[in-house]
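At position 40 of the sequence shown the residue is numbered 40 (full-length UniProt numbering), and the sequence of numbers has no breaks.
FYI, nobody ran anything at the bench for these hints, they're computed from the structure.
No residue lacks a Cβ here, since even glycine has one placed at the ideal position from N, Cα and C.
Please note: incorrect hints may appear among the correct ones.
The list that follows gives simulated cross-link-like pairs (lysine-lysine, DSS-like), each with its CA atoms no further than 27 Å apart [claimed, not checked]:
#	residue 1	residue 2
1	K50	K96
2	K83	K96
3	K96	K48
Cβ pair distances, simulated, as ranges [what the hints assert, rightly or not]:
#	residue 1	residue 2	range
4	P18	V97	28 to 34 Å
5	S91	V47	35 to 41 Å
6	V34	H108	16 to 22 Å
7	L46	L88	34 to 40 Å
8	V103	G38	21 to 27 Å
9	H53	A99	34 to 40 Å
10	H108	P18	34 to 40 Å
11	Y58	S91	22 to 28 Å
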Amino acid sequence: MANYSHAGDHTILQNVSPLATFLKLTSLGFIIGVGVVGNLLISILLVKDKSLHRAPYYFLLDLCASDILRSAICFPFVFTSVKNGSVLTYSILTCKVIAFLGVLSCFHTAFMSLKSVFFCCCYAYL
């Protein structure tokens, strides 16, 4: 389904009701807004409050930054794709770059969480 737009027949994906498209776009807009604003507020709190300047909170700040970048960079492209009837509207290179950034964000989060757990456990025993 990911490369369906190259198949030549777009009628299956374009026959979506306007209500379904509206609900999808509303949900995506809500996710983007809450993702950016919520993580930005947590980041500001972590930077301003001196009592939170410790290892676990640096990890949380890194997760917030990763989530903000994903919400601000990757999700708007998905939003536009859904708005245009799930048809590939960007070049192949743009799609590959956005997919790379999305995967990079996920792997960064996974590896940082493992590293953070390791360092927190080591720090607790010292």
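Right, here's what the structure says about each hint:
| no. | hint | in the structure |
| --- | --- | --- |
| 1 | K50 / K96 | 40 Å, violated |
| 2 | K83 / K96 | 20 Å, holds |
| 3 | K96 / K48 | 37 Å, violated |
| 4 | P18 / V97: 28 to 34 Å | 31 Å, holds |
| 5 | S91 / V47: 35 to 41 Å | 37 Å, holds |
| 6 | V34 / H108: 16 to 22 Å | 21 Å, holds |
| 7 | L46 / L88: 34 to 40 Å | 39 Å, holds |
| 8 | V103 / G38: 21 to 27 Å | 23 Å, holds |
| 9 | H53 / A99: 34 to 40 Å | 35 Å, holds |
| 10 | H108 / P18: 34 to 40 Å | 37 Å, holds |
| 11 | Y58 / S91: 22 to 28 Å | 37 Å, violated |
Violated hints, listed in ascending order, are 1, 3 and 11; each of the other numbered hints is respected by the structure.
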